[in-house]
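My request is simple: use the sequences and hints to build the entire structure.
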Amino acid sequence: MSETEENPPLRVMVVDDHPMWRDAVERDLVAAGHDVVAVAADGREALARFPAARPDVVVLDLQIPAPDGVEVTTQVVAQDPDVKVLVLSASGEQADVLAAVKAGATGYLVKSASREDLLAAVRRVAQGDPVFTPGLAGLVLGEFQRISDAPTPDPAQPRLTERETEVLKMVAKGLSYRQIAERLVLSHRTVQNHVQNTLTKLQMHNRVELTRYAIEQGLDAD
Amino acid sequence: MSSSPAAVAVQDRLFRALAVLRVIVLANAVALNLYRWGHYRHPVAVAACVTVMVLWTGLATWLYADPRRRTRLLLGADLAIALALLVATPLVKGSGFHATVPGFWVMAALLAWSIQYRWAGGLVAGLLLASVDLSLRPEIRQSDYGNAFLLVIGGPIVGFMCASLQEMAADREVAERAAAMAAERARLARVVHDGVLQVLALVQRRGRELGGEAGELGRLAGEQERELRTLIRAQEAVTPTPADTVDLVSELSRLERSGSVTVSTPAAPVELPAAAGRELLAAVRACLDNVRVHVGDDAPAWVLVQAFPDRIEVSVRDDGPGIPPGRLEQAAAQGRLGVIGSIRGRIADLGGSAQLVTGSGGTEWELVVPREAPGLP
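Going line by line, the protein sequences match chains A and B.
The opening position of the first sequence corresponds to residue 1 in the numbering used here, with each subsequent residue numbered one higher.
The opening position of the second sequence corresponds to residue 1 in the numbering used here, with each subsequent residue numbered one higher.
Heads up, none of these hints are tricks.
What the simulated footprint calls covered on chain A by chain B, stretch by stretch (three residues with Cβ under 8 Å from a Cβ of chain B suffice, anywhere in the stretch; the number is not a length):
| # | stretch |
| --- | --- |
| 1 | 19 to 29 |
| 2 | 102 to 113 |
| 3 | 137 to 143 |
These are computed hints drawn from the structure, not numbers from a lab.
Beta carbons: idealized from backbone N, C-alpha and C, even for Gly.
Here's what the structure looks like:
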């Protein structure tokens, strides 16, 4: 693929409370020619250093001292909607991963992934491609099903198209984008777009829910 | 007698309620005595009795407010005063009285005994008050008997309920403490697991980079890391479900195998009646066994669970070479459709359908089961 040839260095921030991990990830990123513009050991440091560092990608461990990874994701995406958050989690707790994705993360990788997988994932999320695992696709499918099962469906809520559901289902069944493109007679790019749309809609839904919650609780006054 | 903080808190509440009741029955007694003032033989003595009631109501309310002051002496004095006022009635009102001076006010002492000494205390106080009341009367009318009967029966009932409330509060306290401990244990376990996983993942990564013996160590660390992650996931998915249902999410998560079987599910539990759930699980296991037999021991397979309002869909897919065309028909003709037949049969019994799609892109089972399974075997 062309993306490995033309490699503009990326500005990356690494957030992890485990110093050996932080160093290992930083070393790999630097070795691959990227610019590690900031590191942080907890959520407080991460939020303090983020505005000045202006990274393209935040490589984020979810289990960090407060504020946790989900909260950090929410805050950095609110400050800079263009930043990409790649979640790198050791335990991969389902609820946390789904919460981080709803908050705006576009990639998820378990820590045992190889250095090559990590570098490829950083590159892909920077280009705006979501990095999905079948497990994450299953969670997202379940979440949309939950939304559409609601007793009083809200027309303002984003919904998946049939095609998007179909693609997401195939990701959850372990098919690669290439296999999906072949089966559906689509371009690789189109498959990527469909996957990306599902995440965008999920995050939109999350914002709609949060806004409604804020209005109901009367928090919208300020 | 239970003295757990929760039981004492229940008693505190009940004595606070009793304080209010004491004032109400006092007001009632004072009003009735004023109303009948003209008929008394010794109005000054009646006034003295009423004054005793007013003073004792105030003093008792203060004394009962603190658990340390609720001694036998206080309870005894409370009941003794109520009895003394009953005994005084024929002396101050004359023997032909209908209503006693304290009237319903005696119930305050009775209920205090019920709260403090439970049903036995209520019974003793009720019997004493009732027998003294009846023994003073020259003739016992229907309503006198009724009131006495209510005292005797009401004391133990209220006492029994106080005891039950205290036991329930104590049980709840124990349960709450256990839940808090379990939550704290789970939090600690998460921290420990996360630390272990971090190190295992790091060893795996560095080992891979160093190669040689370190590489082997890294591989072992990687295996353990995946095993532990699978275990944590299965444990996380354990949710309390009613006895007659199973949660497919937690059950199917157990089938996940590091490096080969991936299970994708919704975040929330998916419940099916136990019998249907067991059949569906058995069918999924048979599908996975089929993958191991026909594609390979460590062949990757993917399980996807989707829950719809009316049905559950489970898909089991592999990346194998697929079943050659005609192979199934041939097997069917020879009556050798063992595994496939059993998968189809199990799902059909649940009123669902099992579809097999095979080709060069692998083999996929689509199992669809209605959520309300008709006619279970």
